[in-house]
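**Q** Below, each chain spelled out in residue letters.
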Amino acid sequence: MKKRGIGLGCSWYGTGYGNGFPDVSSAFVEIHDDGSATVLTGAVDVGQGSNSIFAQIVAEELGLEAQDICVYSGDTDATPDSGTTAATRQTYNTGNAVLKAVRQAKSSLLVYAAREFSCPTSEGIELKEGYIGVKGDPSRRVPLADLVFQARLRGERFISAESSTARSTPVDPETGQGAPYWPYSFGCQSAEVEVDTETGVVQVLKVVAVHDVGKALNPTQVEGQIAGGVTQGIGYALLEELELNEGKIKNPAFSSYLIPTALDVPNIEAFFVEDAESTGPFGAKGLGEPAMLPTVAAIINAIDDAVGVRITSIPATPEKILKALAEKNGEVKKH
Amino acid sequence: MKYFQPQSVEEALELAYTSEATFLAGGTDLVLHMRTGKVQPLGLIDLGKISVLREIKEIEGSLEIGSMATFAELGKSELVFRKAHALWQACQTMGSPQIRNQATIGGNLGNCSPAADGLPALLALGAEVCLSTKAGNEILPLESLLSRTPLLEQGTLIRGFRIPINGQKSGFAKLGRRKALAIARLSVAVSVEMNGSRIDNVRVALGAVGRRAFLSEALGQELSGQELNNELLEKGVLEVQRIVREALGTRASAPYKRVAVAGVFREALATIIPEGGK
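The listed protein sequences derive, respectively, from chains P and A.
According to our numbering, the residues represented by the first sequence are 1 to 335, in order.
According to our numbering, the residues represented by the second sequence are 336 to 613, in order.
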């Protein structure tokens with residue numbers, strides 16, 4: 001018989017290295033005389049999209065489009081260290097370093113522009129739609145490329161180097177108290193499953209995921225990260241198991257260490273809550289790992305809801321489920 | 336290593352006789368085994384250019400399937416869908432689209448994995464195998480071939496399969512760890528002839544519960560000639576569980592499989608009698 005159930009999982013997660021470990025990212029920025037800009041950073045984009053995020057941050061700050069920004073990343077010969085792509089830290093940490101760097105380059109640009117436009121203060125200058133000029137006076141603006149080109153002829157360059165260190169203090173080893181992480185990420189997911197009571201097979205029918213991202217700098221990426229996280233969470237809950245024999249991995253291949261295929265992934269509804277993180281770039285914080293955290297709890301709870309058995313070790317394989325069902329029905333005595 | 340690409344069956348048989356090379360079908364198993372060193376052929380005779388081996392056709396009350404027909408071709412064939420439904424179903428879930436495009440039904444038998452997806456369906460459908468060597472041809476029931484060790488002598492070519500068309504209804508179900516790219520942990524194929532509400536000539540075959548797929552003649556006889564109802568279905572479930580228990584003995588997978596086979600058996604039957612399923 002096939003039985004359905006719904007389960008909920010919630011998570012909170014400290015992002016960054018934490019516990020007082022120096023969590024530093026850095027970036028170089030140059031604003032060019034063709035109206036483009038370059039970012040150099042050691043942050044590695046492993047497919048999650050950090051390069052796009054850095055381009056967006058610089059473009060937003062300079063009144064350009066993301067495609068005007070060239071991001072060079074993860075080249076140890078040329079880019080400044082930005083730590084690992086881990087701990088859900090690149091959008092937040094390296095994003096902050098990139099933002100600081102572009103703001104520094106921009107501030108010397110604004111000072112130069114204020115002089116050019118005979119503006120008493122650089123506060124009166126704005127960068128918008130590829131132009132630079134006096135705030136509130138559209139007649140007094142020039143293409144950014146023209147101004148930077150002119151500056152270049154006069155020996156002025158807009159180049160910066162910045163770094164950003166996340167807030168973290170080690171916990172007291174005696175009391176366990178302290179503020180090891182900043183910021184925290186919050187999420188909640190619910191899963192609907194169907195359990196076959198004869199074969200023990202669990203099919204995930206639907207997952208609804210809601211995550212606090214501070215500010216979604218790139219909503220499509222947020223949706224993608226949630227879908228990826230949920231998929232990994234399904235594998236974690238139902239499939240993935242590293243089998244060891246005297247310390248050797250018995251299943252070191254994707255034919256024996258199984259992860260979900262497209263056919264195993266249900267409809268995923270992704271939502272995000274935007275509660276701006278005051279220390280994040282434009283209010284953003286990370287989502288990488290948090291997206292997979294609540295999935296396991298939601299699925300295990302849904303199995304419980306469907307057939308009334310509590311699975312206490314993952315993955316929740318068909319064998320474990322049938323065994324638990326048999327124990328529940330009194331067919332097999334517990335050892 | 337030598338590589339041949341004959342254009343005809345005769346040429347292929349001659350090459351196998353003189354060179355002691357191994358026949359290559361889709362290569363989805365053989366190439367992997369060569370990589371790991373599990374098999375080390377002296378040469379390869381690629382059967383891919385012999386178009387007659389790819390044919391799927393109806394001749395004189397039989398469905399004839401060439402050994403080089405791929406799972407994708409079988410899975411898209413209207414003829415297979417109508418006349419050999421269990422086989423058609425097995426072809427939908429085997430591997431992935433890429434593997435189905437490459438893997439052949441003859442190769443499935445040649446490699447003869449315990450979990451081979453095509454074999455339980457062919458067994459249930461009463462398929463005969465057509466073999467050829469330089470010395471001549473042989474046609475025999477698949478279950479007879481599967482009892483031989485080794486399965487095939489050197490130089491024996493699997494030409495294809497012949498499935499009798501007698502209005503039988505058939506179904507296949509498999510249990511894998513996931514929904515695609517999953518090796519069968521259990522598979523069941525069933526074929527019946529419906530006479531009103533009575534079922535005759537019942538054939539039940541199982542995969543992944545032993546060294547090779549097998550036909551359970553005892554279970555077939557037990558269920559044949561009876562009214563198809565819930566009572567019979569439950570009797571079948573108990574029987575198939577008993578067969579799996581006996582076939583697996585003390586293997587680690589036995590406690591699970593002997594229970595779970597009930598669900599797979601029901602699912603295989605659900606194609607034949609939708610209301611008889613869960």
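One or more of the hints may lead you astray.
Some, not all, of what chain P presents toward chain A, calculated at C-beta under 10 angstroms [claimed, not checked]:
#1 Glu198
#2 Gly200
#3 Leu205
#4 Thr220
#5 Gln221
#6 Leu242
#7 Ile259
#8 Val273
#9 Ser278
Honestly, the hints are just simulated from the structure, not real lab data.
Glycine included, C-beta positions come from ideal geometry on N, C-alpha and C.
**Q** What are the numbers of the hints that this structure violates, sorted from low to high?
**A** 3, 4, 5, 6, 8 and 9
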